[in-house]
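Engineer: Build the full structure now, drawing on both the sequences and the hints.
For the sequence shown, the positions run -20 to -1, 1 to 414 when mature numbering (1 follows the signal peptide of the UniProt record, and there is no 0) is used.
These aren't lab readings, by the way, just hints derived from the structure by calculation.
Keep in mind the model is a prediction, meaning the values are calculated, not measured.
It is possible that some hints are incorrect.
Claimed, not checked - Under the rule of at most 25 angstroms between Cα atoms (straight-line distance), these lysine-lysine pairs were calculated in the DSS-like manner: (1) LYS226 <-> LYS375; (2) LYS114 <-> LYS59; (3) LYS226 <-> LYS404; (4) LYS245 <-> LYS76; (5) LYS181 <-> LYS233; (6) LYS28 <-> LYS398; (7) LYS375 <-> LYS354; (8) LYS59 <-> LYS227; (9) LYS181 <-> LYS227; (10) LYS155 <-> LYS245; (11) LYS217 <-> LYS398; (12) LYS245 <-> LYS404; (13) LYS59 <-> LYS319; (14) LYS181 <-> LYS245; (15) LYS270 <-> LYS281; (16) LYS405 <-> LYS270; (17) LYS398 <-> LYS227; (18) LYS214 <-> LYS226; (19) LYS354 <-> LYS373; (20) LYS281 <-> LYS76; (21) LYS227 <-> LYS217; (22) LYS404 <-> LYS28; (23) LYS233 <-> LYS405.
Said to hold, decoys possible - Okay, the calculated beta carbon distance ranges per label pair: (24) THR66 <-> ASN395: 42 to 52 angstroms; (25) ASP387 <-> GLY243: 19 to 29 angstroms; (26) THR66 <-> GLY187: 33 to 43 angstroms; (27) GLY169 <-> ASN257: 36 to 46 angstroms; (28) GLU333 <-> ASN257: 28 to 38 angstroms; (29) GLU413 <-> GLU333: 28 to 38 angstroms; (30) GLY216 <-> GLU413: 15 to 25 angstroms; (31) SER121 <-> GLU413: 43 to 53 angstroms; (32) ASP246 <-> LYS373: 29 to 39 angstroms.
Glycine included, every Cβ here is placed at the ideal spot set by N, Cα and C.
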Amino acid sequence: MLNPLLKGAVALLMATAVLAACGPGPGSGSKQSSDQTKTSNQGAAPVKVSTEPVTLKFYAHVAALDQSTFQTYFADVVKRTNPNITLEFSFGARGKLEEWIAAGTIPDILYSGSDNYMSLQDLGVLEDMTDRLKLNGLDLSVFTPDSIQTMRDLAGGNMTGIPFSRNGAALFYNKEMFDKFAVPYPTNGMTYDDVIGLARKMTVTQGGIQYIGWEPGFPDANISPFVQPLVDPKTGKALIDTPAYKKVFEMMKTGYEIPGFMGPKDLFRYTPSHFVNDQIVGMYVDWYNKMMPQLLEADAKGKVPNWDIVTVPNFPEYVGVGRHESVQFLAIAKQSKYKDQAMQVLKAVSSLEAQLLQSRNGRISVLNDSEIRKQFSQDVKAFQGKQMDNLFKFKAASSTPSSIYDDAVTTIVRNVAKEIAVNKKDVNTALREA
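Structural biologist: Have a look at this one:
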């Protein structure tokens, strides 16, 4: 069984890997009569923030957070520093926010992910918070430069939210499979050719079980180091039939063509469960926040593989570059009546104490603090002895401009992979017909 705090960490990690929604209407509270002065640490004029009791509505735009996780990492943290503020958390089906907007009942605080930013922007609930951040003394220099730059890139140079946590990618590998087939473990800084070479030695049938050496992943993730957006920001056209995607798909095609890779019923995309639960995949490249909940749950049941991680593989010219920066962020709704109180929430959850709590429990902090980095996952027993620092070896690839059409283009790009793997189309034809 997972202890309550670690269970919260697992749920918080899962929150960034699934699409869901939450929460009812706008913030409510009593009249702002008693004030306290909050002085900016950036030299701006002081802001008076009410200390009257107030309830703020919290909405998770992309995450199915559970109540205990929210309580540990949000509500309890805020109560310790701002006892007059109560956070009310709820969740519902995707599209719930649109209903609230139509009804004029919009939450105060929005929690989302950088890969889902455009859908929030398109709904008209975000605004530039640059001046408010300064007036309330939230110093952006304490955050990692990459996380801040990602937020600015998303908002065209503005700051419509602050980073709350980060994601990272790695190559997860099953030591037992490598030992079974007497193959040396993967190492940091490998190219795709290196990984495919190892995969060939482990894509075999033994004891009636078909083992898969490596899962090639999604093309829209593999293209990260090329810093190519899904949609041309100038023309609005999809960027699919490009030299970068040709190189990515040629690499993936090589993986698909390893004898024994294709599964029954045209299976060509192996899931984290094939790695964690079935334990038939030797190497799996994916986001940390997506893999860790499953590994922790399997560990709690005593059925986890003997795993570890190294840096993501890459093309020779991009070794040393990771996937694009992915952050979960917090924003204050443009329509909120309690923006200064909501700002106190953002300050509380980005404090050193709050971020250290997350880091020790396996959440990647957005603070540019070496001590927080050193203590990453220290309270997670299942991570002891693992090379978790490999998550931080490579610099993240630069972020790319987002578009409201990104989801549609992503679907098309992933279908190209299917055409190549299942229908055996050559890369040029598959790209041309996409």
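Engineer: Next, verify each hint and record whether it holds.
Structural biologist: Verification of the supplied hints:
{"no.": "1", "hint": "LYS226 <-> LYS375", "result": "holds, 24 angstroms"}
{"no.": "2", "hint": "LYS114 <-> LYS59", "result": "holds, 23 angstroms"}
{"no.": "3", "hint": "LYS226 <-> LYS404", "result": "holds, 15 angstroms"}
{"no.": "4", "hint": "LYS245 <-> LYS76", "result": "violated, 36 angstroms"}
{"no.": "5", "hint": "LYS181 <-> LYS233", "result": "holds, 17 angstroms"}
{"no.": "6", "hint": "LYS28 <-> LYS398", "result": "violated, 57 angstroms"}
{"no.": "7", "hint": "LYS375 <-> LYS354", "result": "holds, 17 angstroms"}
{"no.": "8", "hint": "LYS59 <-> LYS227", "result": "violated, 51 angstroms"}
{"no.": "9", "hint": "LYS181 <-> LYS227", "result": "holds, 23 angstroms"}
{"no.": "10", "hint": "LYS155 <-> LYS245", "result": "violated, 28 angstroms"}
{"no.": "11", "hint": "LYS217 <-> LYS398", "result": "holds, 22 angstroms"}
{"no.": "12", "hint": "LYS245 <-> LYS404", "result": "holds, 15 angstroms"}
{"no.": "13", "hint": "LYS59 <-> LYS319", "result": "holds, 17 angstroms"}
{"no.": "14", "hint": "LYS181 <-> LYS245", "result": "holds, 24 angstroms"}
{"no.": "15", "hint": "LYS270 <-> LYS281", "result": "holds, 18 angstroms"}
{"no.": "16", "hint": "LYS405 <-> LYS270", "result": "violated, 30 angstroms"}
{"no.": "17", "hint": "LYS398 <-> LYS227", "result": "holds, 16 angstroms"}
{"no.": "18", "hint": "LYS214 <-> LYS226", "result": "holds, 22 angstroms"}
{"no.": "19", "hint": "LYS354 <-> LYS373", "result": "holds, 13 angstroms"}
{"no.": "20", "hint": "LYS281 <-> LYS76", "result": "violated, 35 angstroms"}
{"no.": "21", "hint": "LYS227 <-> LYS217", "result": "holds, 20 angstroms"}
{"no.": "22", "hint": "LYS404 <-> LYS28", "result": "violated, 65 angstroms"}
{"no.": "23", "hint": "LYS233 <-> LYS405", "result": "holds, 10 angstroms"}
{"no.": "24", "hint": "THR66 <-> ASN395: 42 to 52 angstroms", "result": "holds, 46 angstroms"}
{"no.": "25", "hint": "ASP387 <-> GLY243: 19 to 29 angstroms", "result": "holds, 27 angstroms"}
{"no.": "26", "hint": "THR66 <-> GLY187: 33 to 43 angstroms", "result": "violated, 57 angstroms"}
{"no.": "27", "hint": "GLY169 <-> ASN257: 36 to 46 angstroms", "result": "violated, 29 angstroms"}
{"no.": "28", "hint": "GLU333 <-> ASN257: 28 to 38 angstroms", "result": "holds, 36 angstroms"}
{"no.": "29", "hint": "GLU413 <-> GLU333: 28 to 38 angstroms", "result": "violated, 54 angstroms"}
{"no.": "30", "hint": "GLY216 <-> GLU413: 15 to 25 angstroms", "result": "holds, 21 angstroms"}
{"no.": "31", "hint": "SER121 <-> GLU413: 43 to 53 angstroms", "result": "holds, 49 angstroms"}
{"no.": "32", "hint": "ASP246 <-> LYS373: 29 to 39 angstroms", "result": "holds, 36 angstroms"}
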